[in-house]
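> Sequence:
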Amino acid sequence: MSIGIIISVCAGILFGFLFFPAEIKPFIDQASGFALYFLILTVGIELGHNRSVFHRLRVLGPKVLLIPLSIILGSLTGGLLTGIMLNRPVGTSLSIASGFGWYSLSGILLTRLANAEIGAIAFLSNVFRELIAVMTIPLIAKHLNFLTSIAPAGATSMDSTLPIISEATDSETALISFINGFTLSALVPFLVPFFLNF
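The sequence shown: position 33 = 33 (this note's numbering), numbered continuously.
Treat the hints with caution; some may be incorrect.
Derived DEER-like restraints, expressed as beta-carbon distance ranges [unchecked claim]:
{"id": "1", "residue 1": "Pro21", "residue 2": "Gly61", "range": "52 to 62 Å"}
{"id": "2", "residue 1": "Ala116", "residue 2": "His49", "range": "31 to 41 Å"}
{"id": "3", "residue 1": "Pro138", "residue 2": "His49", "range": "23 to 33 Å"}
{"id": "4", "residue 1": "His143", "residue 2": "Ile13", "range": "30 to 40 Å"}
{"id": "5", "residue 1": "Leu69", "residue 2": "Asn115", "range": "26 to 36 Å"}
Below, simulated SDA-like cross-link-like pairs (lysine to any residue); rule was C-alpha separation at most 20 Å, straight line [what the hints assert, rightly or not]:
{"id": "6", "residue 1": "Lys63", "residue 2": "Asn145"}
{"id": "7", "residue 1": "Lys63", "residue 2": "Ala151"}
{"id": "8", "residue 1": "Lys63", "residue 2": "Ala186"}
{"id": "9", "residue 1": "Lys63", "residue 2": "Ala174"}
{"id": "10", "residue 1": "Lys63", "residue 2": "Glu172"}
{"id": "11", "residue 1": "Lys142", "residue 2": "Ile132"}
{"id": "12", "residue 1": "Lys142", "residue 2": "Pro163"}
{"id": "13", "residue 1": "Lys63", "residue 2": "Leu73"}
{"id": "14", "residue 1": "Lys142", "residue 2": "Leu131"}
{"id": "15", "residue 1": "Lys63", "residue 2": "Phe146"}
{"id": "16", "residue 1": "Lys142", "residue 2": "Ala168"}
{"id": "17", "residue 1": "Lys63", "residue 2": "Thr148"}
{"id": "18", "residue 1": "Lys142", "residue 2": "Leu175"}
{"id": "19", "residue 1": "Lys142", "residue 2": "Ser166"}
{"id": "20", "residue 1": "Lys142", "residue 2": "Leu162"}
{"id": "21", "residue 1": "Lys142", "residue 2": "Ala174"}
{"id": "22", "residue 1": "Lys63", "residue 2": "Leu187"}
{"id": "23", "residue 1": "Lys142", "residue 2": "Asp170"}
{"id": "24", "residue 1": "Lys63", "residue 2": "Gly74"}
{"id": "25", "residue 1": "Lys142", "residue 2": "Glu130"}
{"id": "26", "residue 1": "Lys142", "residue 2": "Ser171"}
{"id": "27", "residue 1": "Lys142", "residue 2": "Glu172"}
{"id": "28", "residue 1": "Lys63", "residue 2": "Asp170"}
{"id": "29", "residue 1": "Lys63", "residue 2": "Leu175"}
{"id": "30", "residue 1": "Lys142", "residue 2": "Glu167"}
Don't read these hints as lab results, they were simulated from the structure. Where is the CB? At the ideal position from N, CA and C, for every residue including glycine.
Please build the complete structure, drawing on both the sequences and the hints.
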């Protein structure tokens, strides 16, 4: 995780608490809306640009999709159980869990669709997921198996955690990891709002 993200969040909290008057909030909401649309646009462009993934899917066969399916089921089950323990609404818990580690999109999306509190929870839970993934991927690959090491990474398995997975496993697992991240990243913008209205 970039130090820039931590600095940005801390600076935002500080400025919001100390400097920004309440009258400026509607403009911030508008700006975050435009930022969200731009982020989703860039996600679509990136997914469309990686056409080779569809060819790789055909080569590996449909069984490779069992990995993202298992991660989706595991993430949603964990989110649901955590929501029950913390007395949160089912839809909110599932929408936070369906960020799959993609903190930037899920945080902004839920701030826009729900409120700042839910957006902050989504952001932090997905940041912690990525931090846990960075620490556990090598251990899981060494002590369990290569494919299982993809699970904690979630959607980040195609970008920020891919080098860690690649180093801890082999080239085939790295390819499956990329396909997993691609699949989960494509689903996040649809599943987060879907479960919020669940």
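> Has the hinted range 30 to 40 Å been met by the Cβ atoms of His143 and Ile13?
holds (38 Å)
> Is the Cα-Cα distance between Lys63 and Gly74 20 Å or less?
holds (17 Å)
> Using the beta carbons of Pro138 and His49, state whether their distance is inside 23 to 33 Å or not.
holds (30 Å)
> Are the Cα positions of Lys63 and Ala151 separated by 20 Å at most?
holds (16 Å)
> Between Lys142 and Asp170, does the CA-CA distance stay at or below 20 Å?
holds (12 Å)
> Quick one, are Lys142 and Ala174 close enough, alpha carbons at most 20 Å?
holds (15 Å)
> Going straight from one Cα to the other, do Lys142 and Glu130 come out at no more than 20 Å?
Status holds; Cα separation ~19 Å.
> With the threshold set at 20 Å, check whether the alpha-carbon distance from Lys63 to Leu73 stays at or below it.
With a Cα-Cα distance of about 16 Å, the restraint between Lys63 and Leu73 holds, given a limit of 20 Å.
> Verify the proposed pairing of Lys142 with Glu167, using a straight-line Cα cut of 20 Å.
holds (11 Å)
> Given the proposed pairing of Lys63 with Phe146, does the C-alpha separation stay at or below 20 Å?
OK: Lys63 and Phe146 at ~16 Å, within 20 Å.
> The hint says 31 to 41 Å between Ala116 and His49; measuring C-beta to C-beta, is that right?
holds (33 Å)
> Lys63 and Leu187: Cα distance at most 20 Å?
Holds - the C-alpha atoms of Leu187 and Lys63 are around 18 Å apart, at most 20 Å.
Of the hints listed earlier, there is not a single one the structure fails to meet.
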